[in-house]
Amino acid sequence: MPANNNFITFVVDGQLFGVPATEVMELTRFHELTRVPLAPPAVAGLINLRGQVVTAVDMRRRLELRPRPEGQQPMNVVLRREDVLVSLLVDQVGEVIALDDSTFEPVPDTLRGIARELVRGIHKLPCRLLLLLDPSKVIAGLAVGPRRQSLANPAV
Amino acid sequence: MEQMEEILVDFLVEAGENLDRLDQDLVRLEQSPDDKKIIGNVFRALHTIKGSSGFFAFKRLEKVAHAGESLLGKIRDGKLTLNADMVTTLLTTLDRLREIVRGVEGAKAEPGGDDAGLISALHALAEGKTVEVAKRGAPVAPPALTPPARVTAPAPASANLDSFLRDFLAESHENLDALDRAFVSLEQTPADRAQLSNVFRTLHTLKGSSGFFGFGRLEKVAHAAESLLGKLRTGELQLNGAMTTTLLETVDGIRETLKHIELTGQESAKDFSATIGVLNQLAEGKALTAPAVEKKVATVAPTPNPLTPALSPAGGEGEKAQAAPASQPSAAGSTVRVDVALLDKLMNLVGELVLARNRLLPFAVNHENAAFTSATQRLDGITTELQERVMKTRMQPINHVWSKFPRLVRDLSTQCGKQVNLVMEGTDTELDRTLLDAIKDPLTHLVRNCVDHGIESPDARVAAGKPAAGRLLLRAYHESGLVVIEISDDGAGINLTRVRQKAVEKGFLKSEDAARLTDRQATDLIFLPGFSTAESTTSVSGRGVGMDVVKTNVESSGGSIELSTVLGAGTTLRLKIPLTLAIVPALFVGCGGERFAIAQTSLLELVRLDPSQNESRIEDVSGAPVCRLRGKLLPLVFLKRELQLEPRAGDCQSPAPAQPVTIVVLQSEGHRFGLVVDEVHDTEEIVVKPVGALLKGIPAFAGATILGNGSVALILDIAGLAVMSGVAAKLRERQPVADAPAPLVANPDEKSLLLFHMGGVEHMAILLDLVTRLEKFPRTRIERSGGREVLQYDGGIMPLVRVADFVEGCRATVDSADTLDVVVHHAKQQAVGLVVGQIKDIVTATLRVTDAPRQRGLLGSTVVNDQITGVLDVPAILRAAHLEDATPKLMPIIAAKN
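Order-wise, the sequence lines are chains A and B.
Position 134 (the first sequence) corresponds to 134 in our numbering; numbering is contiguous.
Each number in our numbering corresponds to the 1-based position in the second sequence with 156 added.
Be aware that a few hints might be false.
Which residues of chain A face chain B? A few of them, derived with a C-beta cut under 10 Å, are [stated by the list, open to error]:
id	residue
1	16
2	24
3	28
4	33
5	39
6	47
7	51
8	54
9	57
10	60
11	65
12	66
13	69
14	70
15	73
16	75
Ranges between beta-carbon positions, derived for each pair [what the hints assert, rightly or not]:
id	chain 1	residue 1	chain 2	residue 2	range
17	A	103	B	534	53 to 63 Å
18	B	852	A	112	27 to 37 Å
19	A	51	B	273	49 to 59 Å
20	A	101	B	837	51 to 61 Å
21	A	101	B	265	39 to 49 Å
22	B	541	A	51	14 to 24 Å
23	A	51	B	492	50 to 60 Å
24	B	542	A	50	52 to 62 Å
25	B	502	A	101	38 to 48 Å
26	A	101	B	518	27 to 37 Å
27	A	70	B	838	49 to 59 Å
28	A	50	B	838	43 to 53 Å
Take a look, some chain A residues computed to stay more than 12 Å from chain B by CB distance [claimed, not checked]:
id	residue
29	22
30	32
31	43
32	45
33	53
34	64
35	109
36	127
37	139
FYI, nobody ran anything at the bench for these hints, they're computed from the structure.
Predicted model only: the values in this text are computed from it and were never measured.
Ideal placement from N, C-alpha and C gives every residue a C-beta, glycine not left out.
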């Protein structure tokens, strides 16, 4: 099986998701977060990953799911995209699995909401479904545009 | 193979450097055509290029360089005098060479092309003929300043031979070193046969290899030395001091020749005949006569490096190599070329080390173990020094950028038909190479601008009573942790009236607003996108980056740019650039439970306001919080409000009069304001890390850093905060007050003020000078005409202006009283009635322009009887009333800037 068909799986709010293993730099335990004021809600904050500052995205909030229960620490799935590091905060990291097209299906019409935008397709695993996330879309929607440049001049 | 690639890369780097140097030298030479030293430099640089090109079999390069060299040779020998045509042709030659070198860089082989025209022009000039020099019409684009690209070259045809040559050179150097040692030891034990045999063999090898490579002179001198050694080995002669000296000098001579071969692939013109003569004499057993030794000492000893004149500068080191005494070993011995990426990586690692050190230090303080504490202190010291040294490796003199300018200025001024003397001061001022890269383009643009727009044509200059040649001064110096770069010309200056007109034409602002702008503000217009006063775009300007981009580039490197201009006398641009971006001292503040870093460059002072003291409290100027700092008003920005941090009980979410507050007084890009925070922590050196693309759009943050405890803290962007909070915009609007043309505030002396109260704002004032009369009118006298309120007054019709409608923060008055207090003001011949709330008093007060944010309808505020009092801007109110358009003054500018 070629390596590029490997997927890192993780669980967010009971649902199994996967991202291509080639996009994942590493999986780490929880790091202390520094909150970023004015950032979009899905940006949980910044973490220190061995001296690099990494933006952490709370996947529960990104997928517009229920907030993580108090006291439950998320795990980091760190993605490297064109030298930019982004960490996805997930509930639990699963195994690395190899998949091929035989189990793949495009996004069903019944999938609603934000997930529909972020999910590339679905793999039918023997016992559960794996939603294949498009990392670029997960990240793209978050970039902060020029905003609120001047209070004195709100019309601009 | 790999060696070959390295040689080629070195050649390309060196050729590039030589060409850049030639540019400068030729331009300098034009100023002082008789400077033998420069002519020599130029000649040698061209010669080196020729030699190396020959070595690599780059025929085009070789031929062009050769033709240039011949011309220069004649100039050097005084057979020809350098003239402008020659300089132009030589510069064209350089461009051609550069083009070919770039071709080699890209394609790894010499690009095709015909140089016959150029070569024949060079030859014709060398023969003393005049040549029709084509005006250099197409301006030479500033060379794309690419760092020496790593080139992987296919082996030239001669690759095998070249690698032999390289082996030969390496081996010979080793042999020569061995010879040095052997001769010295032989002097102690002259009869050591084994040693003598070694030396003999070594020289013999050298002779043989030289013969193989066709280095005839080397071969001969080695042969002569070998003969002498042969006799010494057989015991026919006894080694003496004179022999040792001569042999050592022979070794030196051979070494120099080898270096020359290394650089150029050719044997130097060094003539060994004198040495050979001495060697032969010694071999024949003749004792050297004293004069001969004397003579030898005179000719050889003072210049242990007799080949220096024929050697090219070792490249790379520019000025330094030139300035280095000839007796020093070549620069290659003391410097190493390092990949910039490696330095960057090193810098990152040092940054990490600093952070790790910061984490460790607290442990040492709390630790009882003395050994641990002292080890930590040692680590601390070493880390600090390492950090400084590594920073130093990244520093480069600004000359790296400036060195292109003499050529640029010459080409541009020729093309524009102008005369410009470029003066550069502080060329060795150093700054971080990242920043150097960042300011390269802006600086180039500014220099272009100065030549194209700043300096007038010679005729115009003479007519204006100035010398025909303009002066362009580049100055760089260090000032309080910043590098200041000034670009000033003594040209026409910027016509600010024209700038104002242009701004109106382009729709940036209305004509009356434009007239109100201070000169300082008008100069700021130049930095707006799409703004140019040039009547027509020339081939020089009108392309590339505009001033707005210059400003953006400079500011994105943490720098700032200022422009001052005097019409008819010239323009000065001042760039302030931080020394380095990587590690900065910062102050940590706390707000809403978070820690934020503020770069100390923008920090002015820390102030704690205790409301229990009467004179220090937060006051409200129509919704804008301010405080008084030593009698001046300081606009306040609440960090918690700006960052939308949730309020906690007792926090200063809004100006709570009872709470003491901590204010960090900041200055950024000319905006001074107070940042209200919860608490102030310590200062620390921080390593700036990018916040990542995701968060770039938040203007409040300049980056992030990692604290001693390993957590991440955000670095506040002071300029961004100023813009976000509106302080910047308000200050911008305020500025006209500073030197408004109206008689109002032009004079900071004492003025009489009429005080009144008005809806919503308690303390208002109008300058008594503007008041003709004070009247009370019964409400019933108000009539309506042409859609506005009027009164019959003094035999005419007087329009009424309800001031409250035009002053920001005032509520429109509801006439409750039966009479209106009206201030009659004469605008030109027309009487106007200003309806004010309630007239209170007339006072004399020192009218000072304050730092309070400017509000619509107000000139500013002043302190009267310990009350902050807004002073009406009557002309603005009248304009607004007549136009029925109360758009804030510089709104379009702000829009455009954002």
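Hint check results:
1. Interface restraint check for residue 16 of chain A: the shortest CB-CB distance to chain B comes to about 25 Å, outside 10 Å, so the restraint is violated.
2. Checking residue 24 of chain A against chain B by beta carbon gives a least distance of about 17 Å; that is not within 10 Å, so the hint is violated.
3. About 13 Å separates the beta-carbon of residue 28 of chain A from the nearest beta-carbon of chain B, more than 10 Å, and the hint is not met.
4. Checking residue 33 of chain A against chain B by beta carbon gives a least distance of about 8 Å; that is within 10 Å, so the hint holds.
5. For residue 39 of chain A, the suggested interface contact is upheld, since its CB lies about 6 Å from the closest CB of chain B, less than 10 Å.
6. For residue 47 of chain A, the suggested interface contact is upheld, since its CB lies about 7 Å from the closest CB of chain B, less than 10 Å.
7. The beta carbon of residue 51 of chain A is positioned within 10 Å of a beta carbon in chain B (closest approach about 5 Å), and the interface hint is therefore held.
8. Interface restraint check for residue 54 of chain A: the shortest CB-CB distance to chain B comes to about 7 Å, inside 10 Å, so the restraint holds.
9. For the restraint placing residue 57 of chain A at the interface with chain B, the shortest Cβ-Cβ distance is roughly 8 Å, inside the 10 Å limit, so the hint holds.
10. Checking residue 60 of chain A against chain B by beta carbon gives a least distance of about 17 Å; that is not within 10 Å, so the hint is violated.
11. For the restraint placing residue 65 of chain A at the interface with chain B, the shortest Cβ-Cβ distance is roughly 20 Å, beyond the 10 Å limit, so the hint is violated.
12. Hint status for residue 66 of chain A: violated, given a least beta-carbon distance of 22 Å to chain B, over 10 Å.
13. The interface hint given for residue 69 of chain A is broken, as the beta carbon of that residue sits about 21 Å from the closest beta carbon of chain B, more than 10 Å.
14. Hint status for residue 70 of chain A relative to chain B: violated, with the closest Cβ pair at about 18 Å, above 10 Å.
15. A hinted interface residue such as residue 73 of chain A counts as satisfied when its beta carbon comes closer than 10 Å to some beta carbon of chain B; here the least separation is about 16 Å, so the hint is violated.
16. Interface hint at residue 75 of chain A: violated, since its Cβ lies 18 Å from the closest Cβ of chain B, which is beyond the 10 Å cut-off.
17. Evaluation of the 53 to 63 Å hint for residue 103 of chain A and residue 534 of chain B yields a pass: the beta carbon distance comes to about 60 Å.
18. For the hinted restraint 27 to 37 Å between residue 852 of chain B and residue 112 of chain A, the CB-CB distance of approximately 31 Å keeps it satisfied.
19. Our hint of 49 to 59 Å for residue 51 of chain A and residue 273 of chain B holds, since their Cβ atoms are close to 58 Å apart.
20. Separation of residue 101 of chain A from residue 837 of chain B is about 56 Å and conforms to the stated range, judged on CB atoms against 51 to 61 Å.
21. A beta carbon spacing of about 46 Å between residue 101 of chain A and residue 265 of chain B agrees with the range 39 to 49 Å that was offered as a hint.
22. Separated by about 21 Å at the C-beta atoms, residue 541 of chain B and residue 51 of chain A satisfy the suggested range of 14 to 24 Å.
23. Checked against the given bound of 50 to 60 Å, the beta carbons of residue 51 of chain A and residue 492 of chain B, roughly 27 Å apart, lie outside it.
24. The hint said 52 to 62 Å for the Cβ distance between residue 542 of chain B and residue 50 of chain A, and at roughly 20 Å that hint is violated.
25. For residue 502 of chain B and residue 101 of chain A, the hinted distance range of 38 to 48 Å is satisfied, since their beta carbons lie about 46 Å from each other.
26. For the hinted restraint 27 to 37 Å between residue 101 of chain A and residue 518 of chain B, the CB-CB distance of approximately 55 Å leaves it violated.
27. Between residue 70 of chain A and residue 838 of chain B the Cβ separation comes to about 33 Å, which falls outside the hinted range of 49 to 59 Å.
28. Against the hinted window of 43 to 53 Å, the Cβ-Cβ separation of residue 50 of chain A and residue 838 of chain B comes to about 25 Å, which falls outside the hint.
29. With 12 Å as the threshold on Cβ separation, the claim that residue 22 of chain A sits away from chain B holds: the shortest Cβ distance comes to roughly 20 Å.
30. Not every C-beta of chain B lies more than 12 Å from that of residue 32 of chain A, the closest at about 5 Å, which undercuts listing it as non-interface.
31. Distance to chain B contradicts residue 43 of chain A as a non-interface residue, since its nearest Cβ pair spans about 7 Å, not more than 12 Å.
32. Residue 45 of chain A, annotated as away from the interface, has a beta carbon of chain B within 12 Å; the closest lies near 8 Å.
33. Its closest Cβ contact with chain B, about 4 Å, brings residue 53 of chain A to no more than 12 Å, contrary to its assignment away from the interface.
34. With a least CB separation of 18 Å from chain B, residue 64 of chain A remains clear of the 12 Å interface cut-off, as annotated.
35. The beta carbon of residue 109 of chain A sits about 31 Å from the closest Cβ of chain B, which is more than 12 Å, so the claim that it is off the interface holds.
36. Every CB of chain B is more than 12 Å from the CB of residue 127 of chain A (nearest about 35 Å), matching its label as outside the interface.
37. With a minimum CB-CB distance of about 7 Å to chain B, residue 139 of chain A fails to clear the 12 Å threshold, and the non-interface call is violated.
Going down the numbered hints, you'll see the structure goes against 1, 2, 3, 10, 11, 12, 13, 14, 15, 16, 23, 24, 26, 27, 28, 30, 31, 32, 33, 37, while the others check out.
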